[in-house]
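Number of protein chains: 2
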Amino acid sequence: MIKHVYSLALLAALSLPALAQDYKELPDPRRVDPVAWNAVKPGTHVYFGSADIRYDKLYAPEAASLRRSWEGHAWKGERVHTQFVVFTTTPLQNVSIETGALRDAQGHTIPATAVKPGFLRYVMTDELNAEGGGCGHRKPQDFDSSLVADAIDNISTINIGARQTQPVWLSVRVPANTAPGVYKGQVRVKANGRYLPDVLPYQVTVSSRTLPAPKDWAFHLDLWQSPYAVARVHQTPVWSQQHLDAMRPYMQMLADAGQKVVTASIIYDPWNSQTEDIYGDMVKWTKKKDGSWHYDYSVFDKWVSFMESVGIDKQIACYSMIPWNLKFYYHDEVARRDTFIVAKPGTAEYDAHWRPMLADFAKHLQAKGWFDKTCIAMDERPMEAMQHAIKLIRSVNKDFKVSLAGLYHKELVNDIYDYCVAAGSDFTKEEHRERAEKGWPSTFYTCCTEGFPNTFTFSPPAEAAWMGWHAANRNYSGYLRWAYNCWVKNPLQDSRFRTWAAGDTYLVYPGARTSIRFERLIEGIQAYEKVRILRAEGKAGPLEGILKKFEINALKAKPAGEMVTTVSEALNKL
Amino acid sequence: MIKHVYSLALLAALSLPALAQDYKELPDPRRVDPVAWNAVKPGTHVYFGSADIRYDKLYAPEAASLRRSWEGHAWKGERVHTQFVVFTTTPLQNVSIETGALRDAQGHTIPATAVKPGFLRYVMTDELNAEGGGCGHRKPQDFDSSLVADAIDNISTINIGARQTQPVWLSVRVPANTAPGVYKGQVRVKANGRYLPDVLPYQVTVSSRTLPAPKDWAFHLDLWQSPYAVARVHQTPVWSQQHLDAMRPYMQMLADAGQKVVTASIIYDPWNSQTEDIYGDMVKWTKKKDGSWHYDYSVFDKWVSFMESVGIDKQIACYSMIPWNLKFYYHDEVARRDTFIVAKPGTAEYDAHWRPMLADFAKHLQAKGWFDKTCIAMDERPMEAMQHAIKLIRSVNKDFKVSLAGLYHKELVNDIYDYCVAAGSDFTKEEHRERAEKGWPSTFYTCCTEGFPNTFTFSPPAEAAWMGWHAANRNYSGYLRWAYNCWVKNPLQDSRFRTWAAGDTYLVYPGARTSIRFERLIEGIQAYEKVRILRAEGKAGPLEGILKKFEINALKAKPAGEMVTTVSEALNKL
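Taken in order, these protein sequences are the chains called A and B.
The numbering of the first sequence is my numbering, which starts it at 6 and goes up by one.
The numbering of the second sequence is my numbering, which starts it at 6 and goes up by one.
Think of the hints as simulated: they come from the structure by calculation, not from any bench.
These figures come from a predicted structure and were not determined experimentally.
Treat the hints with caution; some may be incorrect.
Note that identical chains are pooled: a pair holds if it fits in a single copy or bridges any two copies.
Taking lysine-lysine pairs in the PhoX-like style, the calculated list, with each CA pair at most 25 Å apart, reads [what the hints assert, rightly or not]:
| hint | residue 1 | residue 2 |
| --- | --- | --- |
| 1 | 195 | 46 |
| 2 | 553 | 563 |
| 3 | 494 | 561 |
| 4 | 553 | 144 |
| 5 | 434 | 494 |
| 6 | 368 | 293 |
Required output: the full structure, derived from the provided sequences and hints.
Written out as structure tokens, the structure reads:
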């Protein structure tokens, strides 16, 4: 039925191997005064820096953030990270990073494979609008644009120009079976075929506590996936084996972050074509010649099974019974074409369209054993429309779960199984308690509305980690963002989009590249899990006072980086 | 009657010459990793920097802000400024700055005396509270403290330690009779008895337009003065000739900023002892043996005349008929002691206390020729209380002017002559127009409530300049702040106070030292005057769109520095 049309220009611009290989960054539009480098001692410098800073390629790094060594703290099974910077007055060719195993005094090791350095890459970004938010259509010329460090690359060598700074992300995945202890390692940098003289020593103190594997994290992470963006960027026929193969590394990264929910589109274009790629219909609706309906679930089944195979198997969110345009597409056998109706929840036409599908879908889900984990999912619509839809759903099957990402409506708290409210709004304490006792997720989201905290490509990196701490403070079960990978036209080079602040639409990059934002989001989720475990043991007391500071208004007073550092240090002492 | 008690400890700590001479800064409580300096080229570096940055003494400056030269733009009669930085890996003794005259191609000059370099000095500051504001009692241990560059010193030499940064403020007062042109000059730095090799060239383009002298500025500036703090810090008997002599340089600086209002306290302690120094009674109230009242205006007259002599002569604000504690002090001849009553506006007791004074005061003001410029002044009290007070004032003399710094109350807009509302609130456009037609000042203020924009010692410097632009955008007549010089115990070294965010209580320093905040506030006022003049000529059109961005919410999206730079550049083109 409805087909995606790939731009030929894009097909020409991208080729499959290019996604995994090096690529050219855009030039920085800012005017730079090169004399600033005159004060830098000639040669190449290597220092640990801060994971809170997007280091500027054009300038030497802020001296206040530089250190010769780094000390990390981890539970067994935890991932920890920091950043180091190479800056140089002379050009460097074939720069590579040598890490290696970490060792404690007893001879225990964290293997070399657990340590991963990744070059930061620069992407074009813009800024908040004059009202302090990220919403609204935008023209590039109305906003200051600049290059920011965001993607973390998988390439093994890079060239660094004279008078440039190259940040490198350093990530250590402490295996769950590591013996507690202080593990020491070092970073060396090779350039132009030889080692640079500066060696960066670091250590990771591994505690006797164990962080569960991501699949066992309680944190309800819901980053919506777009299979259609992957098909476009990887140039694979949608739902072909090549498409699934292309998606696997991205979805594996997502599973490793503790993702719980599969994003399924059960109608065509549930979000009114707001993204670069339109979401297709995973359920094919066909109105037959005799007026009855046929529903083809083969794509839905393929997608859900695929996601189960990568370990994202806790929940299926089906969008949407209330698309923003109220257009419901289907194939008409009589007319032999794709068409649609427009129908409003609460009308007879709407009921007639949805009732048979919901009944059939329930039967299909039950047959697959998925009924209990499936939600009929909505995002913010007028409350009356949502109440109509819920009534209809329940009249078909009273056990159908419903999820909503939207405003807090007191009236819906007992109707919505997975309820996600906008950051800054919240359930009452009583509601949190009651919903938690029923095992119902109560989460929060950020989108273009929130100037901060957020995960735009220009957002301070610590704001991503802040999400987990905020959830711990407010007893949310998790966090939702509407776009894990709704890539824009040239996501590696330019994160801006026709609507919303740059980076709003994706957290990871083509070529299965992670980002500062995604890594620090995971940092916050790990922190949430640790707080949860310590609370269960009655040992989180010393943290609670500091945690109370994780309020959105507090971000006006103190940057997220300072807040996260303070509470992380307190956590490390427990 | 009520006397000030000077702390003997303070008398010992301060001596008169010390106020004008060098002094020792406090040590910075932050931990510093000195290795950051390893990347700085050995030796001493001199660059122009940005007036938007409080350069850190402990670290080399942000490279992104450094320039080899500076280009300023000025109207004739305007003061312009920038900052430069000296940073060094080796200690420097007796550092002095050599500036000199500026010359254009035709041989015209801006004389050397118009150019003034001033070393930035470091003062202890704290931070906003967890709610994002500056209000509330505070204990030092609950807040991060650090040293920040704020005061601009008048000393001519300074020592700079190894691995330290010393910012210097460079100010050029373009004489009103300067010929339009491009004037070039340079800055040289002398240390250890010889010139440093780096020379900083700069130029000031002087336009053919003329900025009026500060006394003719329309901008209604109202920074409240505390004569009592000057008496304490200079150890002079209050209202002695030495006291007046000590005050003159501070009040001259204030007049040069375009101050319009004399702050007079017509009762003892109108603000419930909230400041380090209690405001005394400039009018002495005596209840005589026969029950009648005597009012001694000699201090009031001395103060107002003194302020007239420095050119602050447009308005007198008399505080307060509604002190926060409703305590009214007086001398009782029968009891032969100082005492007080507590009386609420609207009560017979209150009326009986104030009616005779207001009648006598009106007569005195008329005799002095001051009646028309005197306001009975209030700051935010319950509206009912203010309405009672206004009714009483008007029943005594219907022409008495009233001023208020407080919330916007629609009901009071036609009653208050000089009405100052909290930043973020505003009059309607219609009210602005009507009040402007009557010549009534309609201003805004910031105090501890506003996390930003503000003039705390940790506030980004451009926020002070932002005030003038905001006034131009919203058609306010000016700006008010409640404390020009309510000095804390050791204002040169530590700007923190028992209440409010550090720096809330003063803008200038003992020894007639100005500050980044005060200089940039004047910058904004000058900009306001230029916009006003261009508007009158119908030439401000190209600015209006950019000016609209000067909204408080916009400061979440863009730092004040960027906003001010953008609009200043647009202004320079007109």
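Structure-based check of all given hints:
With identical chains, the CA atoms of residue 195 and residue 46 are at most 25 Å apart both within one copy (19 Å) and between copies (23 Å). For a Cα distance limit of 25 Å, the shortest separation of residue 553 from residue 563 inside one copy, 13 Å, qualifies, whereas the shortest one across copies, 27 Å, does not. When the C-alpha separation of residue 494 and residue 561 is checked against a cutoff of 25 Å, the pair qualifies neither within a copy, at 34 Å, nor between copies, at 29 Å. In the homo-oligomer, the alpha carbons of residue 553 and residue 144 lie at most 25 Å apart only across protomers (19 Å), although the nearest pairing inside one protomer, at 39 Å, exceeds that limit.
In this homomeric assembly, residue 434 and residue 494 never come within 25 Å of each other (Cα to Cα): the closest approach is 43 Å inside a single copy and 45 Å across copies. For a Cα distance limit of 25 Å, the shortest separation of residue 368 from residue 293 inside one copy, 20 Å, qualifies, whereas the shortest one across copies, 98 Å, does not.
Checked against the numbered hints given earlier, this structure breaks hints 3 and 5; the rest are met.
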